[in-house]
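> Protein chains in written order, with numbering that gives the first Met the number 0: chain A, 0 to 405; chain B, 0 to 257; chain C, 0 to 617.
One or more hints might be untrue.
Mimicking DSS-like on lysine-lysine, the simulated pairs with C-alpha atoms at most 30 Å apart in a straight line are [claimed, not checked]:
hint: 1; chain 1: A; residue 1: Lys293; chain 2: A; residue 2: Lys35
hint: 2; chain 1: C; residue 1: Lys480; chain 2: A; residue 2: Lys124
hint: 3; chain 1: A; residue 1: Lys404; chain 2: C; residue 2: Lys385
hint: 4; chain 1: A; residue 1: Lys400; chain 2: C; residue 2: Lys385
hint: 5; chain 1: B; residue 1: Lys163; chain 2: C; residue 2: Lys507
hint: 6; chain 1: C; residue 1: Lys507; chain 2: B; residue 2: Lys123
hint: 7; chain 1: A; residue 1: Lys304; chain 2: A; residue 2: Lys272
hint: 8; chain 1: C; residue 1: Lys507; chain 2: B; residue 2: Lys73
hint: 9; chain 1: A; residue 1: Lys123; chain 2: C; residue 2: Lys385
hint: 10; chain 1: B; residue 1: Lys123; chain 2: C; residue 2: Lys480
No lab work stands behind these hints, which were simulated from the structure alone.
Treat the numbers as computed from the prediction; the structure is a model and nothing was measured.
Okay, here's what each chain looks like letter by letter:
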Amino acid sequence: MATTSAIRWRAPAWLALGAALALGAPATQAQQTPIKIGELNSYAQWAAFTVPYRNGWQMALDEINAKGGVLGRKIEIVSRDDGATTGSATRVADELVSREGVSLLFGSFLSNVGVAMADYANQKKIVYIAAEPLTDAVTMAQGNRYTFRVRPNNFMQVGMLVDQAKASGAKRWAIVAPNYEYGQSAASVFKRLIQERVPGAQIVTEQYPALGKIEAGATASAIEQAKPDGIFNVLFGPDLTQFVREGNTRGLFEDTTVLSLLTGEPEWLLPLKDEVPEGWTVTGYPWDEIKEPKHKAFIDAYRAKYNDTPRLGSLLGYMVMTMIRDSIERAGSTETDAIIKALEDAKFDTVIGPVTMRGIDNQSTMGAWVGKLVLKGAAGGMTGWTYKDGASFMPTEAEVKTVRKD
Amino acid sequence: MTLLAVNGLHKSFGGVVAARDVSFTVARGEMLAIIGPNGAGKSTVFNMVGGQLRPDRGQVLLDGQDITHASPQKRFRRGVGRTFQVAQTFLSMSAAENVQMALISCNRQSNGFWAPARERHRDKAVGLLSRVGMAEAADTPCSALAYGDVKRVELAIALAGQPKLLLMDEPTAGMAPRERAALMDLTGSIAEAQGIGVLFTEHDMDVVFGHAARVLVLLRGQIIAAGAPDEVRQDEQVKRAYLGDARALEPLRGGSPA
Amino acid sequence: MLALDPAFLAVQALSGLSSASSLFITACGLTIVFGVTRIVNFAHGSLYMIGAYTAATLVPRLLELSFGPVTFWAGILASAIIVGLIGVIIEVLLLRRIYGAPELFQLLATFGIVLVVQDLVVQVFGPQDILGPRAPGLRAPVEILGRRFPSYELVLIAAGPIVLGLVWLLLRKTRFGVLVRAATQDRDMVASLGVNQALLFTGTLFLGAFLAGLGGALQIPRVSANTGMDLSIIAEAFVVTVVGGMGSVPGAFLAALIIGQLQAFGILIFPKSTLVVVFLLMAVVLAIRPHGFFGRAEIVGGTHAVGIASRSPLPGRHFILLVVIAVLAAFPLVADAYLLKVATEILIFALFAFSLQLLIGVGGVVSFGHAAFFGLGAYGAALAVKWYGVSMEAALPLGLALAALGAGLVGAFVVRLSGIYLAMMTLAAAQILYAVAFQWVEVTGGDNGIVGVWPSSWASGPIPYYLLTAALTVVAVLLLKRIIDAPFGYSLRAARDSESRAEAIGLKVRQHRWLAFMIAGAAAGLAGGIYAFSRGSVDPSLLGISTSVDALTMLLLGGIQTMMGPLVGAAALHGLRDWIMPLTPLWRLLLGLSIIAMVLIFPRGLVGTVRDWWGART
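Extracted from the complex, chain A is given alone in its bound form:
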């Protein structure tokens, strides 16, 4: 008897509380628990990209929370170093998910880490938004319904560059790429696209130095030996700097068409200082020449806040954060399935204009800036650039369907 009465006594109170919550009356309690989001990246190992990237999402986060957050709750980001290895990243992700109880994950830099994170997201059924990883695998072969990507992937960026290669007339191509997921993926896409789109093109040499361990002199010399008239470069970071210096010294880039992924991004361009290899055709981020008011406003705000040049990472961090906010708002909750629904085929109004998250492969239509490198004063920049919208470079739906396992 006592038991029944207790239940009867409790039930209305619980209902009342639920009703009150639904009406938003005791909002104070809700605001005390922020929405936790997990973020992980290679802050120690790849600071050149990731620190500006963190500045980017931090800026967006500050703006969002200044406006009261989302769903009436503040957003709290739990940020960790991912250790730049696959094992370490999934371990950190596990800590974020099981101990911190985050609602979704975003971040990571290296493509191999991105693939491991995609696999982890699939296994643990949690949303993961890849930040920097560019390998197609994240949205293609290893893609799954939990993994999303905002940046244009290798297939898209290489496609943009190969279009530029047609005009140059170069036929004998050399490839130099770091020997891990990103480099391998970019190289194989390049091999495929150059042969599809440039008749008569052939690959005369492929060099795959270990990431961060290039023997630049020997690599430059080996490429020189193959006498290419075109070079496709995927190196970045310290490897790139050394390769450019050796190549400049040896005249490797003279009379040669060079296509280079990402080299126009300030994070990789600035360390080259005045040794910028002029004339390379690159994907990048000509922040100093951007005129669109909304984008310009972001750049100015960033420079005012951090007194530093915005990198592509800064833009990306900012965009990812705002897209997460929008998705949670549209989902109306932090449930994984609701967020996935809110992301798939969703249109986002970002600082660079409208971007769609294509539902079939969870790849956004964000594009890239393609142009040529030029020396501007003491540092490099881009010239003759255009913004290529990602939508026209994405893999076809049929292709996605044959490759993806889900």
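Please build the complex by placing chains B and C on the supplied structure of chain A, with the hints as guidance.
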């Protein structure tokens, strides 16, 4: 009856001849001392008999079997036990475990993975320790024993292999004078009782002339004299070899040689 | 066909020579320091890195004041001197306190410096890679057989022999040099000469660090100063000193020449396996000449064996064991998913560290590459899943078997060696495997590793996987303990305590050690396999130096002289890491300082200290 026969052992180290045509024999129950000034080649000969060094030429026969190229391990199984100049025991083990270890090896059980080592051959080990007067220290770690006691444990270890031949390199080095005689008396009595041949090197002439049945004198890698202690002492060549320290060859006169 | 072009061959050979020069300058310092102090200084690579960072920061500022070759070279020299002074600080604060310590402690302490420097460099110089300026007057290339070659590389080629000559003069013509040589040959002799040893050692460290700094500073026009420099150069410098013979300067020169050419031409024949080639060279040389080209056996001091000793069985140990098992089994009742994850990892590392204890604490075999077997187990399991689609139940034994096989192979090489050469060889073995995993992309996935290594469905939740791990770990540890207490374990200890005595009682020391390698490898492999399934992926870092150091640190922390030390050490280290790592970016600094502190003031470890305290009380 000949136990050990060494025939024409020769060893040189890059031009320096350390042993030249060394031949001698040891009989069962006999104690043979090898003496000589520093650098005479005692250790070289000793280590060639013990298996730590390979001779360039010559033969080492134990009970008529050729062991010239046998490893120390094989020699052990053939019946060669030895002690070292600086006592070599297993310091992380108790005295009994040291002897047990030798017994385990002797019974070819050193690859045993299951039954605990400390329970194997315990009684026999304590028995051996009591023969060298160390039964009470059976459970004392070797690292906690006085050096003289460690030497006794080492002797018990060597005896555990039921040797026919006992090699003792400077058996009394580092011991107090009174302990020296006691250890050698003990060795002598055990050797006699069991018919073990003992080959030893020694600096202490009291020990040599007090305990050896025969003495072998090495000089620059060659045997210059061999025979009973008294004969050797009178040998002119030996006297010259020990020039400046002739009194080292004098018979025991009480007290320690300064 | 390409390689027949003489111009190309010439340029390639010159590239090899310039790498060789740089490598020699650095390795020369390492070998001199080892010759005098008998310490293998892991931090030598860190000094090299500091040299590069200092020069890349300092030289541009100087060039702004006055542009010219003199300024540039003065800046390089100044950077090297600064690094030399840092070497002096390291000697005074740390090294002079551990000259008499066992090799393992020395290696770990200097590795502690590596960790500290890694974080400090980021704090001082910032996280960015710094590309130094080019040398004034050497910007233009020179033509060699119609090919352009960087003139700075020619300067580097000359720098190696110049340094060799200067070091030779220093060692032959000065009193300091005479003492260094004397100490390299026979340390006791110097002590008996009544030389001020402290001053000699400090001077040696200055020289060694100066050379490391010089090696690093000279790199700035060709390599940007980056945080990965320390470990990549130290691995190569180790190979050079070991191949040349520890303590031998001419040996280092010869070895550097060979390795430089091997790398320059290796890239043509095996474009993806340069790392493997270098370490294979070391393995081959050590197999033929266990002390390198010009090394001598006697300069490698006696193995300072520290390890577990006999203890009378604890009363009530069966009861304690039951309690431990009951606590482990009941843990899921109180722990959440994350705690279980941490507990699972602690158990895995406990098994890993305990398997290493069989080699180090029991066998006195200081393995510095135990990660090799942990990684082999993990990779074996992951490869079985990836290529043959087998289930976890089959993959775990396969991983274990692969690790045991690998350990058998490595052990066959290694048991012939002793002391520091053994430690270096195990390190090299792990590095070879690391390189294979890293560069054999088609099979191992290279840097990408292998993903999708998840447990079978019955074991996939946190609780079942924890229980599975606990069961396997408890069984494996008990088996190992049984082996340690059995004659086999005693034989290993016997060989550790006195190799000559062990041989004289007929123990086949090498055979026992070889078997121990396989058993320890198998146990580490089991741990690695369980680890792979707990993470869902494997990557080359599992085979890396830091994984080996993790295991050693656990041993040291728990107490190397105790049976249960590694288990406690694993729990303490991993628990601490899990707690502190999210709080601070300076985890490596803290870890490094703790390792150094442990070596200096706490060498008996947690269990050892508690036991001594308990022993003193009763």
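> Look at each hint and say if it fits the structure.
Right, here's what the structure says about each hint:
{"no.": "1", "hint": "A/Lys293 x A/Lys35", "in the structure": "holds, 28 Å"}
{"no.": "2", "hint": "C/Lys480 x A/Lys124", "in the structure": "violated, 41 Å"}
{"no.": "3", "hint": "A/Lys404 x C/Lys385", "in the structure": "holds, 16 Å"}
{"no.": "4", "hint": "A/Lys400 x C/Lys385", "in the structure": "holds, 23 Å"}
{"no.": "5", "hint": "B/Lys163 x C/Lys507", "in the structure": "holds, 21 Å"}
{"no.": "6", "hint": "C/Lys507 x B/Lys123", "in the structure": "holds, 23 Å"}
{"no.": "7", "hint": "A/Lys304 x A/Lys272", "in the structure": "holds, 24 Å"}
{"no.": "8", "hint": "C/Lys507 x B/Lys73", "in the structure": "holds, 10 Å"}
{"no.": "9", "hint": "A/Lys123 x C/Lys385", "in the structure": "holds, 20 Å"}
{"no.": "10", "hint": "B/Lys123 x C/Lys480", "in the structure": "holds, 26 Å"}
Violated hint: 2 only; the structure is consistent with all others.
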